[in-house]
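Enquirer: Chains as they are written, first to last, in my numbering: chain D, 1 to 487; chain F, 1 to 95.
Hints are computed from structural coordinates only; laboratory data are not their basis.
Bear in mind that the values here come from a model prediction, so they are computed numbers and not experimental data.
By construction, the Cβ of each residue, glycine as well, lies at the ideal position given by its N, Cα and C atoms.
Honestly, I wouldn't trust all of these hints.
What the hints assert, rightly or not - Taking lysine to any residue pairs in the SDA-like style, the calculated list, with each CA pair at most 20 Å apart, reads:
1. D:Lys88 with F:Ile17
2. D:Lys53 with F:Ala12
3. D:Lys368 with D:Ser322
4. D:Lys485 with D:Ala431
5. D:Lys129 with F:Asn85
6. D:Lys472 with D:Gly430
7. F:Lys13 with D:Ser363
8. D:Lys53 with F:Gln60
9. D:Lys53 with F:Thr59
10. D:Lys421 with D:Phe458
11. D:Lys129 with D:Thr139
12. D:Lys79 with F:Asn85
13. D:Lys398 with D:Ser363
14. D:Lys79 with F:Glu69
15. F:Lys92 with D:Gly430
16. D:Lys472 with D:Glu455
17. D:Lys129 with F:Val93
To be verified - Chain F is nowhere near these chain D residues, computed Cβ spacing over 12 Å in every case:
18. Ser19
19. Arg117
20. Gly137
21. Gly189
22. Asn356
23. Ser446
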Amino acid sequence: MQWETVIGLEVHTQLTTQSKIFSGASIAFGAEPNTQACQVDIALPGVLPVLNKGAVERAIRFGLAIGAKLNRTNVFARKNYFYPDLPKGYQISQYELPIVEGGHLSIQVGDEEKTIRITRAHLEEDAGKSLHEDFHGMTGIDLNRAGTPLLEIVSEPDMRSAKEAVAYARALHTLVTWIGICDGNMQEGSFRVDANVSVRPRGQAEFGTRREIKNLNSFRFLEQAIDYEVRWQIEQIEDGHRIQQATVLFNPDTGETRAMRSKEDAHDYRYFPDPDLLPVRLDEDWIEVVKAGLPELPEQKQARYREELGLSAYDAGTLTASRAMAEYFEATLASLPSPASGRGAGGEGSAKLAANWIMGDLSAALNKAELDITASRISARQLAGLLARIQDGTLSGKLAKQVFEAMWNEGGEADAIIEAKGLKQVSDAGAIEPLIDEVLAANPKSVEEFRAGKEKAFNALVGQVMKASKGKANPAQVNELLRKKLG
Amino acid sequence: MSLSIDDVQRIAKLARIRVNAAEVAGYQTQLNGIFGLIEAMQAVDTAGVEPMSHAQDLTQRLRADAVTEPDRRQAFQAVAPQTENGLYLVPKVIE
C-alpha cells in the first residue's frame, strides 16, 4: 500500500524581551539557579501577574509578518496541571482567544514552492527546569526560566514529508530571527519544535491517529525523528496494530522515538480565563506603529531579487536564508559601480556576480572557519572592490580567486593585493602575441589537429598560452588572438 | 447535568485535594447544586450578548519591558523546606 505522511508543527519561540512575561525578573540565559526567579515566578501567595508590553509587541510583529488576523481582544487562560517546575499549579497561556490567528508561510522544497497555513500563535509563560540528577533521591528545581515569554506557533497539518517539515521549521526560524522577536538559539532552547505525525493510505481523506514528538532542538533531529516515526507507524499498521494517540520523545543516540509514560489525566487541563488578568486590547495606532517598524521580509526580498535583479529562485532563497546574509549581499551590490542587473565584463549582471561569490567562495570560507557572515573576515565593501576588478577586466576568474584568498588570510583591499602580488590580468595584445607565437611553434601537432577540424586542439592551445602567461593573460583575448593567428 | 461520585473523585484528584469517602456524597450534592444554578441561568436568552472573559469590563494594563526585580534567592530559600546548590529540592518526579 502507498502511504502518505501528514505533519503539523508546534514551535515554541522564546521572545527577545529583557524581562519575563508577567514579572520584572531578567530572562538572561545562564544565570546561577533561581537568581532570576522573583516572587511572581516562584508563585508566592498573593502575587499578581503584570503583562509585559514587549512580549505583546513581538506577537503583533509576528502576526503582521505572516499576514494573520490579530485578535484586537485576546485573553489569557490558565492551563492547569501539577508539576514542580510550574509552582502555581497552572501555566498562563492563551486558549480560546489567542493574539494571532491564521496566516501562512511559503517554503521551498527542491524546485517546488508550497504554502503552509498557520493556525494560530499564542503568548504563554515558560516553565522552570527540573534536574533529575542525584539529589539524594530528590529533584532539583531551577525557576529562572519560569515566566520567560514564549510565542507558541501552531501550523495546520499541511506538511507531507520530513523534508517539508524541516523546510517549514527553517523558514519559520529565519522569519522570527529576521523580525527580531527570537534569537533562534536552538542549543539554549530558544526555538523548540514539537511534531505531530500521522500516516494514512494515499487518497484517504481523513487523517490517521497522530503521535506527538516533543522538544526537538535541531533541524537534523526533527528530520530523523519524523523519518523514524513514519516508518514505525507504517510497520505497526501493516502488522495489524492500531496507532494509539501518544506523546513520544526522540532519543538522538538511538535515533528512535519512544512513548512517554502517560498518566491517564495528564491532558485534562481544565482551561479557564485567568481572573488575575484582564482581556488584552490591541489598539489600531499601536498596530500601525509596529507595522511601520517591520523590515522588508524574506518573501518580499526574494520576490524583489527575482524580479528586479534577475536572480533565480534558488539564489534568492539562499541569499535570504538570514537577514545578515541578505544585508551583506545588498551592501556588496551597493558598493559596486555598475548597475545591479547590468552586464559587467564577466558577461553577467552585478547581482548574479555578487550572488555567486557570496554563495560560493565566501560561504565556503565562512563554513571552513566556522564563522557567521556577521563575523566575515572580508567585508561587503572589500568584496565589492574585488568584484569591480573582475567586471572591469583587471582580474580573470582564476586571479580573482587568488586575490580572494589573500584578502581572507591577510586582509587588505583588492587593488593593493593586485598591485603587491602582481596579479593584474594581461590584456595587452603586444604582450600576449609573443606567447602565442611560442606556443604555436612548440605545438605543431595541436596546430595540425585544429586545422583538421578538432576544436579540442584549440582548447589545448589556449591552455598552453594561459600557462605560459602564469594565468594572467585575459582568456577572452587569448581566444580571439589565437583564432586570428590560426585563421 | 449532574455529577456522579466518580466525577467528584476525579475532580478532587485533578485538583490534588484529598477527599475522604465520607465527604464525597456531600461534595456531590453541593457541586450539583452549583450546576442547578447554571442550568437556571441558561434559561436566560443571551443571543446577541458578547461573552465576557472577566467579571470587570476593563482592559489589561501593560508593563514596560524592563528588569526591575533584584535577586532575592537567599530570602526566598530561607523559607523553603529544602534547597541545595541554589536549587529547590522536591520529592522525585519522573515522567
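Enquirer: If a hint holds in the structure, say so; if it does not, say that too.
Expert: The hints, checked one at a time:
1. Restraint check for Lys88 (chain D) and Ile17 (chain F): satisfied, since their Cα atoms lie roughly 15 Å apart, inside the 20 Å limit.
2. For the given pair, Lys53 (chain D) sits about 37 Å from Ala12 (chain F) by alpha-carbon distance, which is inconsistent with the 20 Å threshold.
3. Our distance criterion of 20 Å between C-alpha atoms is met by Lys368 (chain D) and Ser322 (chain D), whose separation comes to about 19 Å.
4. Restraint check: the Cα-Cα separation between Lys485 (chain D) and Ala431 (chain D) comes to about 15 Å, which is no more than 20 Å; the hinted pair holds.
5. Under the criterion of a C-alpha separation no larger than 20 Å, the hint pairing Lys129 (chain D) with Asn85 (chain F) is consistent with the structure, at around 14 Å.
6. Between Lys472 (chain D) and Gly430 (chain D), the direct Cα distance comes to roughly 14 Å. Compliance with the 20 Å bound is thereby established for this hinted pair.
7. Under the criterion of a C-alpha separation no larger than 20 Å, the hint pairing Lys13 (chain F) with Ser363 (chain D) is inconsistent with the structure, at around 58 Å.
8. With a CA separation close to 10 Å, the supplied pair Lys53 (chain D) and Gln60 (chain F) stays within the 20 Å bound.
9. Taken as a hint, the Lys53 (chain D) and Thr59 (chain F) pair is honoured in the structure, with Cα atoms around 13 Å apart against an allowance of 20 Å.
10. A hinted pair counts as satisfied when its Cα atoms are at most 20 Å apart, and Lys421 (chain D) with Phe458 (chain D) does not qualify at roughly 30 Å.
11. A C-alpha spacing of about 10 Å is found between Lys129 (chain D) and Thr139 (chain D), which places the hinted pair at or below 20 Å, so the restraint holds.
12. The suggested pairing of Lys79 (chain D) with Asn85 (chain F) is violated, with an alpha-carbon distance near 30 Å, which exceeds 20 Å.
13. Between Lys398 (chain D) and Ser363 (chain D) the CA atoms are separated by roughly 18 Å; this keeps the pair inside 20 Å, and the hint holds.
14. As the CA atoms of Lys79 (chain D) and Glu69 (chain F) are separated by approximately 26 Å, the hinted pair breaks the 20 Å bound.
15. Among the hinted pairs, Lys92 (chain F) with Gly430 (chain D) is inconsistent with the structure: their alpha-carbon atoms are about 87 Å apart, more than 20 Å.
16. Between the alpha carbons of Lys472 (chain D) and Glu455 (chain D) the distance comes to roughly 23 Å, so the proposed pair goes past 20 Å and is violated.
17. Under the criterion of a C-alpha separation no larger than 20 Å, the hint pairing Lys129 (chain D) with Val93 (chain F) is consistent with the structure, at around 12 Å.
18. The beta carbon of Ser19 (chain D) is not kept farther than 12 Å from every beta carbon of chain F, the shortest such distance being approximately 5 Å.
19. Every CB of chain F is more than 12 Å from the CB of Arg117 (chain D) (nearest about 26 Å), matching its label as outside the interface.
20. Against chain F, the non-interface label of Gly137 (chain D) is violated: not every CB pair exceeds 12 Å, the least being about 6 Å.
21. Once the 12 Å rule is applied to beta carbons, Gly189 (chain D) is consistent with being away from chain F; the minimum gap is 17 Å.
22. Every C-beta of chain F lies more than 12 Å from that of Asn356 (chain D), the closest at about 42 Å, which supports listing it as non-interface.
23. The beta carbon of Ser446 (chain D) is kept farther than 12 Å from every beta carbon of chain F, the shortest such distance being approximately 74 Å.
Violation of the numbered hints given earlier is confined to hints 2, 7, 10, 12, 14, 15, 16, 18 and 20; the remaining hints are satisfied by the structure.
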